[in-house]
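Guided by the hints, dock chain E with the ligands onto chain W, whose structure is given.
Protein chains in written order, with full-length UniProt numbering: chain W, 1 to 611; chain E, 1 to 198.
I should point out that these hints are in silico values taken from the structure, not numbers from a laboratory.
The structure presented is a predicted model; accordingly, all values stated were derived computationally and were not measured.
Among these hints, one or two may not hold up.
What the hints assert, rightly or not - With a straight-line cut-off of 27 Å between C-alpha atoms, the simulated BS3-like cross-links for lysine-lysine are:
| no. | chain 1 | residue 1 | chain 2 | residue 2 |
| --- | --- | --- | --- | --- |
| 1 | W | 383 | W | 432 |
| 2 | E | 110 | W | 579 |
| 3 | W | 537 | W | 571 |
| 4 | W | 383 | E | 61 |
| 5 | W | 549 | W | 583 |
| 6 | W | 267 | E | 110 |
| 7 | W | 324 | E | 61 |
| 8 | E | 110 | W | 549 |
| 9 | W | 571 | W | 432 |
| 10 | W | 571 | E | 6 |
| 11 | E | 61 | W | 267 |
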Amino acid sequence: MANPLLGDTPGDTHLLLGNEAIVRGAVEAGIQVVTCYPGTPSSEVPDTFYRISPDGKYYFEYSVNEKVALEVAGGATLAGAMSMCTMKHVGVNVAADPLMTLCYVGAPGGLMLLSADDPGCHSSQNEQDNRIYARLGGMPVLEPASAQEAKDMARDGLLLSRKHGAPLLLRTTTRVNHLRGPVEFGPAPDPGKPEGFKRNPPHFVPIPAFSRPMHVRLMERMEALREEAENSPYNTVTGNGKYGIVCSGISRAYVADALDNAGLADKVTVLELGFSNPLPENKCLAFLQSVDTVLVVEELEPVVENDLRVLAQKHGLSLDIKGKDVLPRNGEFDVTMVENAIREGLGEAPVPTCECSLPELPGRPPNLCAGCPHRGTYYAARKVFGDDAVYSSDIGCYTLGLLPPLQTADFLLCMGSSISAGGGLAKASGQKVVAFIGDSTFFHSGLTGVANAVFNAHDVLIVILDNRTTAMTGHQPNPGVDKTVIGDNDHPLDIESAVRGLGVTEVRTVNPFNQKKTMAAMEELGTMSGVRVLIAKEPCPLYTRRVYKKVAPQVAYVAESCTGRFDCLDKLACPAMFKEGGKAAVNPILCNGCMLCLQVCGHIKAKKRGS
Amino acid sequence: MPDTKKIRIFMTGVGGQGTLTATTLLAKTALSQGLTVTSGEIHGMAQRGGVVESTVLIGCKSPKIGIGEADILLGFEPMETMRALPYLRQGGLVVSSTEYMPPLSVAMGKQECPTIDDIKKAVATCTSKVYFMANQSIGLEAGAVQSGNIAMLGALCAAGELPFGPEALEAAIKANLPAKIQAVNLKALELGVKALNS
Ligand code: SF4
Ligand code: SF4
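Just chain W, same shape as in the assembly:
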């Protein structure tokens, strides 16, 4: 049976994750091409597309990075295909170059960019607000607040994008991507075949002479879209009263619940902007004229707030506009926070708070899993280089090596930066640099870093942590993998040949669970200079279990002879190990049988799993 997300079953209601709802919306619009680079909180969108792709009527790919993903989708929309490209907020930085020009060139088949922003940095290095990209490039923006809207806006956004030939931004935040709610399905017609490319250089080739009129067309398109925003059912005014609230995105849900909690729903007028760019100026102006105070409730940057201030100034309105002066510019909102801001504006007492205080509790930071091959690599690096090397890290599970006792992440900028920033640091300071990068990240943007390091004669030892998958975001395939959840990789790329092809002559490949060989290779490469590469190759055990359906036949146990020295716990910190009665012990349920600890202490032995 095909997945319900693909069925033409209007009227059905399913409880969906926001990210699954986006997939359904795209299917209802007639999506033809989907590209992505995975990144939390966006990952379940492409993962769902991928999982159901054998039955779907669209082309799907995991591209090697966001820039490439957007370029592939850009080419597809020029061929008339309704296209979608998904990424997390920082991914848009990678894709920013083609994005800015795509807004000029346009999207004949329709093109929706999903940017999953992450207020609160739940799984990201920053909190950037990508609504600003939309203003920079000139893109319409839809901001859903529920699972139903995630579905409806994905569908309507794609159709709107095709209608105007305008690349559109579907901007979500973590709470929307990861909420679950009922979604009522609409029809899902067969999308048929894309029309194909129609040659028209003045429209599609941005040489300066053509770009200038393209920019004019872009501005005209935005004016036409402003009309759409004026009439959009996603922009609504409700309630009455002289106190006005303007909200967008998930903040709309917080406002609704806050007003309900406070019983203030009839005392305020609320303008919800689900279609927030271009600003529906007439609607907003009428709203601003109908109230005497406005509170703008939006997470992160004062984007709508500033738009409204400009509008008010333009029309000589003197009403009081509040926003970032009463609500924070960082992190997430919640209902009580919003309720208190509204109460304050209306001169009411804040919600009473509970005074319970808790003692400091032991933290539960994320840690590399039991049996993670990165632990083997990091343990060896610590032994060989200790604190003498500076460890340049990158984005992936392996960043977790920053915690003690491994402490193998000293700095980090972004995807692929370990090699290039590591090279820069070494050039500037002459310090020994060991740069760690994962296999997926290597294909994402490590390749260019290697080319740069070789060309500019950087002095850096690059350790490629090849766990045969993209583990952190949920085991998505990358060009190097052998197998995926839905089948074999027909074109596996070999990292060692790639590195050699880029001109690195000193390349070694080891299994990080073989500590002797790994340390020997590190010592050897450590004494050389120039660009050297060590490939630590061993699949992620979670991936092995899920995709290869294999588990290690053995588990570790600590023999009676354990002297309580605790080197294993103190230096390896495998989560399967614990202290018990002055001795070390292994939890056989958590142990993944990597046999690393056996090489650290002679009192640890192997036994058959389950015996």
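Chain E with the ligands alone, transformed into the frame defined by chain W:
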């Protein structure tokens, strides 16, 4: 959908414990009763072993529960129950496991978890509506340690604070869980209800 009283349920546990499966099941149960429901989940960088927090909200639009907003706190691990206490509103309901999953620092002997007594005392300052149960043992008795979570859901449904009882959860298990794990989870549900009443 009928106009219902708002109920906010905050769930917390450790990655890999099945917190999210339980969350979705509870949300589906509420939906099957014709209730307005949203639910949310936050799991940071942890593949496994980190804290997982999730929510089920009945009659609300927001998927998020802020400090002091939860009517019900469901803690699948006792120390996480304690950590999440600030989310509970005064007088809310707590259903918590008594069986620890020690974090690494504790396993390594560097820090100590609060005792169950400490945790009970802390909870008592917020509410008197509290049920503690040994969810992993109950899960094992039912046939799979993860089903302990379903036992806790069963106890929650039987506690009388939700607009539906254990029968609704039973029907949702039958409708939504794969056939091969249904029996275990139905057994866990039964044991959970029993644990609440004993
Ligand atoms: S073999 Fe040792 S290091 Fe490997 S997972 Fe088991 S306990 Fe951890
Ligand atoms: S998911 Fe895989 S690669 Fe990531 S920490 Fe766990 S074992 Fe290591």
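*Regarding the pair residue 110 of chain E and residue 579 of chain W, is the alpha-carbon distance no greater than 27 Å?*
OK: residue 110 of chain E and residue 579 of chain W at ~10 Å, within 27 Å.
_Hinted pair residue 383 of chain W and residue 61 of chain E, Cα distance within 27 Å_ = 53 Å, violated
*Are residue 549 of chain W and residue 583 of chain W close enough, with their CA atoms no more than 27 Å apart?*
33 Å, violated
*Between residue 537 of chain W and residue 571 of chain W, is the straight-line Cα distance small enough, at 27 Å or below?*
22 Å, holds
_Hinted pair residue 324 of chain W and residue 61 of chain E, Cα distance within 27 Å_ = 23 Å, holds
_Holds or violated: residue 267 of chain W and residue 110 of chain E, Cα atoms, limit 27 Å._
55 Å, violated
*Verify the proposed pairing of residue 383 of chain W with residue 432 of chain W, using a straight-line Cα cut of 27 Å.*
15 Å, holds
*Take a quick look at whether residue 110 of chain E and residue 549 of chain W sit within 27 Å of each other, Cα to Cα.*
Distance ~36 Å between residue 110 of chain E and residue 549 of chain W Cα, so the pair is violated.
*asked:* Just to be careful, I want the Cα atoms of residue 571 of chain W and residue 6 of chain E compared with a cutoff of 27 Å; is the pair within it?
replied: 49 Å, violated
*Sort out whether residue 267 of chain W lies within 27 Å of residue 61 of chain E, counting only the CA atoms.*
20 Å, holds
_Pairwise hint evaluation, residue 432 of chain W against residue 571 of chain W, where the allowed Cα distance is 27 Å at most_ = 22 Å, holds
Violated hints, listed in ascending order, are 4, 5, 6, 8 and 10; each of the other numbered hints is respected by the structure.
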